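Residue strings, one per chain:
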Amino acid sequence: MSDSKNSICNEQTFDHFFKSHATLLRNHMYYKFGDLEQAEDIVQDTFIKLWNNCAKVPLEKAKSYIFTIATNLGISNTRHQKVKFKYRDYIKHRNTDINNESPEFIALENEYMEILKKAIADLPERQREVFLLSRIDKKTYREIAEMSNVSIKAIEKLMHKALVTLRKKIGNI
Amino acid sequence: MLSNKEDDIFLSRWINEELSEEELSEFKSHPEYEYFTKIKQGTDSLVIREYDIENALSRIKSTRVNNTSKKRSIIKLVPYFAAAASIAIIIGLFLYQMDTSFATNYGKQQIVVLPDGSEMILNAKSEASFNKNEWKEHRTVSLNGEAYFKVKKGSKFTVKTKNGTITVLGTQFNVQSQNKFFEVTCYEGKVRVNNDTIEEVLTKGKGYRNIEKRAPERWSFESQKPSWLTKTSSFKSTPIEYVFKELEEQYQIKIITNNIDLKTIYTGSFPNTNKKVALTTVFSTLGMTYKLSDDSKTVVVE
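Chains as they are written, first to last, in this note's numbering: chain P, 1 to 173; chain E, 1 to 302.
With the rest of the complex left out, here is chain P (with noise of 0.2 Å):
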């Protein structure tokens, strides 16, 4: 095992690799499987599995090899069941400057969060993918699509298609 500073086995290196990646890891693993409690388990067992086989990955390939690992965590996972995406108690709301404004449109306000919410996990997988990652986790287009192989172009078709969903959904409120 070498210890070098370049090397995952190092103590430092991989709490620093692990600080910078395990939140969009885990976000990102929501996003596809759909429970937030499953993807951080998910997390945790790619990192152990990450530090076991840390002399044999080298830093450069280790973004890609906690993302490979946790999709196939994932995906045996979810065989079995498919699961609906939740977002009760896990996607909340900023109420901004609400302080000012009567009870009727915070009410109203508090209605279109929810129907949005709601349109948001009922998106197609890659749609719901792609749009979260963008908003939520400030995402460039370019980004995501190294994550998931595929063109820029693509996943901005994607986020086209999950924006019209979305309309769709939501309707005229």
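Everything labelled a hint here was simulated from the structure, so no lab data went into it. Keep in mind that the hints are not guaranteed to be accurate.
Unchecked claim - Straight-line Cα separation of at most 25 Å, BS3-like style, residue types lysine-lysine; simulated pairs:
| no. | chain 1 | residue 1 | chain 2 | residue 2 |
| --- | --- | --- | --- | --- |
| 1 | E | K61 | P | K49 |
| 2 | E | K61 | E | K162 |
| 3 | P | K161 | E | K61 |
| 4 | E | K40 | P | K138 |
| 5 | P | K49 | E | K153 |
| 6 | P | K19 | P | K139 |
| 7 | P | K169 | E | K28 |
| 8 | P | K118 | E | K40 |
| 9 | P | K138 | E | K38 |
| 10 | P | K84 | E | K40 |
| 11 | P | K139 | P | K157 |
| 12 | E | K38 | P | K169 |
Stated by the list, open to error - Far from chain P by the CB rule (all over 10 Å, computed), these chain E residues:
| no. | residue |
| --- | --- |
| 13 | D8 |
| 14 | S12 |
| 15 | K28 |
| 16 | Y35 |
| 17 | F36 |
| 18 | S45 |
| 19 | Y106 |
| 20 | K108 |
| 21 | N131 |
| 22 | E134 |
| 23 | T197 |
| 24 | S223 |
| 25 | Y242 |
| 26 | D295 |
Nothing here was measured: the structure is a model prediction, and the numbers come from that model. Beta carbons are placed, not taken as given, at the ideal position from N, Cα and C, and that holds for glycine.
With chain P's structure known, arrange chain E on it following the hints.
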């Protein structure tokens, strides 16, 4: 634009603020514009539940520690095998049957990741053991003390204690079994509690308790995790002898009680991080005074 079927990335360019000025002003006059803007603003106010990254990392590390110590012990054995094969076989058999055990000291907690990835968090002064080799056939943990379990879905998972047996399929629950005190609380899924006299099925938010010869108690609760995981010990109508025992285990002290009825009932909680606050909280609620010895190891209650 929007109605133009050729432009299948228009909205994606718009939300990413890549539209040219003309395109944008044209879109703004379109009746659909306000609806899409509402979707954008709504989405941008969404947040995902926060991720406790430090906690997640320390969980991974606790598993890693178990793995490395395991590897080391095997390496150490190698010379012995070489020296005397017959003895090595005996040692091997012995190791094969030996249980993996964990014990926590005063005021400590330990996270243990079981072979299938299930988790067990041991509270202070508790012991647990399991057989790794037989884990595949039956997931069984023996426990004396208190632990919180997060069980991965799979075959039957059993916790054996002196006071009874708990079986589940995949769930989260807390077990406390000390002397004659036996309490099980279920935080997720379904749990079955068995001993000679009772058979009880607990669902989420239900608790069961059995103290010595008192009638068994059942209740409902709303909390998501046992309070001791966040370093607070809580009690609900519990005889004070068990409250004192918990104080002793958390702070490594001896509580001397003269002429005090140990069956007095206590409801309340104390922190596991500050001895003085803990002692004051408990004894002032009970209307008792206490004296801490000079070496702060003994507490005399009056």
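So, going through the hints one by one against the coordinates:
Note on K61 (chain E) and K49 (chain P): the hinted pairing holds, with a Cα-Cα distance of about 12 Å set against a maximum of 25 Å. For the given pair, K61 (chain E) sits about 32 Å from K162 (chain E) by alpha-carbon distance, which is inconsistent with the 25 Å threshold. Of the pairs offered as hints, the one joining K161 (chain P) and K61 (chain E) is violated, with about 42 Å between alpha carbons and a cut-off of 25 Å exceeded. With a CA separation close to 13 Å, the supplied pair K40 (chain E) and K138 (chain P) stays within the 25 Å bound.
For the hint pairing K49 (chain P) with K153 (chain E), the CA-to-CA distance comes to about 20 Å; that is within 25 Å, so the pair holds. Taking the CA atoms of K19 (chain P) and K139 (chain P), the gap is about 17 Å. The hint holds against a cut of 25 Å. Annotation: proposed proximity of K169 (chain P) to K28 (chain E) holds, straight-line Cα distance about 21 Å (limit 25 Å). A distance of roughly 15 Å separates the Cα atoms of K118 (chain P) and K40 (chain E); the hinted pair therefore holds under the 25 Å criterion.
Of the pairs offered as hints, the one joining K138 (chain P) and K38 (chain E) holds, with about 18 Å between alpha carbons and a cut-off of 25 Å not exceeded. A hinted pair counts as satisfied when its Cα atoms are at most 25 Å apart, and K84 (chain P) with K40 (chain E) qualifies at roughly 23 Å. A threshold of 25 Å between alpha carbons decides the hint, and for K139 (chain P) with K157 (chain P) the separation of about 16 Å falls inside it, so the pair holds. Note on K38 (chain E) and K169 (chain P): the hinted pairing holds, with a Cα-Cα distance of about 13 Å set against a maximum of 25 Å.
Not every beta carbon of chain P lies more than 10 Å from that of D8 (chain E), the smallest distance being close to 5 Å; the non-interface claim is violated. Taking the minimum C-beta to C-beta distance to chain P, about 4 Å, the non-interface status of S12 (chain E) is violated against the 10 Å cut. At the 10 Å boundary, the C-beta of K28 (chain E) stays outside the reach of chain P, the nearest C-beta of that chain being 16 Å off. Against the 10 Å criterion, Y35 (chain E) falls within the reach of chain P, whose nearest CB is about 6 Å from its own CB.
The claim that F36 (chain E) is not at the interface with chain P is violated, since a C-beta of that chain comes within 10 Å of its own (minimum 6 Å). Interface exclusion of S45 (chain E) from chain P breaks down, the closest Cβ pair being 5 Å apart, not more than 10 Å. Once the 10 Å rule is applied to beta carbons, Y106 (chain E) is consistent with being away from chain P; the minimum gap is 29 Å. No beta-carbon of chain P is positioned within 10 Å of the beta-carbon of K108 (chain E); the least distance is around 22 Å.
Look at N131 (chain E): its CB is around 22 Å from the nearest CB on chain P, clear of 10 Å, so calling it non-interface holds up. Remark: the non-interface label on E134 (chain E) is consistent with the geometry, its nearest Cβ contact in chain P lying 22 Å away (cut-off 10 Å). For T197 (chain E), the condition that its CB be more than 10 Å from all CB atoms of chain P holds, with the nearest at approximately 36 Å. Distance check for S223 (chain E) against chain P: the nearest CB is about 15 Å away, which clears 10 Å, and the non-interface claim stands.
Non-interface status of Y242 (chain E) relative to chain P is upheld: no Cβ of that chain comes within 10 Å, the nearest being about 32 Å off. At the 10 Å boundary, the C-beta of D295 (chain E) stays outside the reach of chain P, the nearest C-beta of that chain being 38 Å off.
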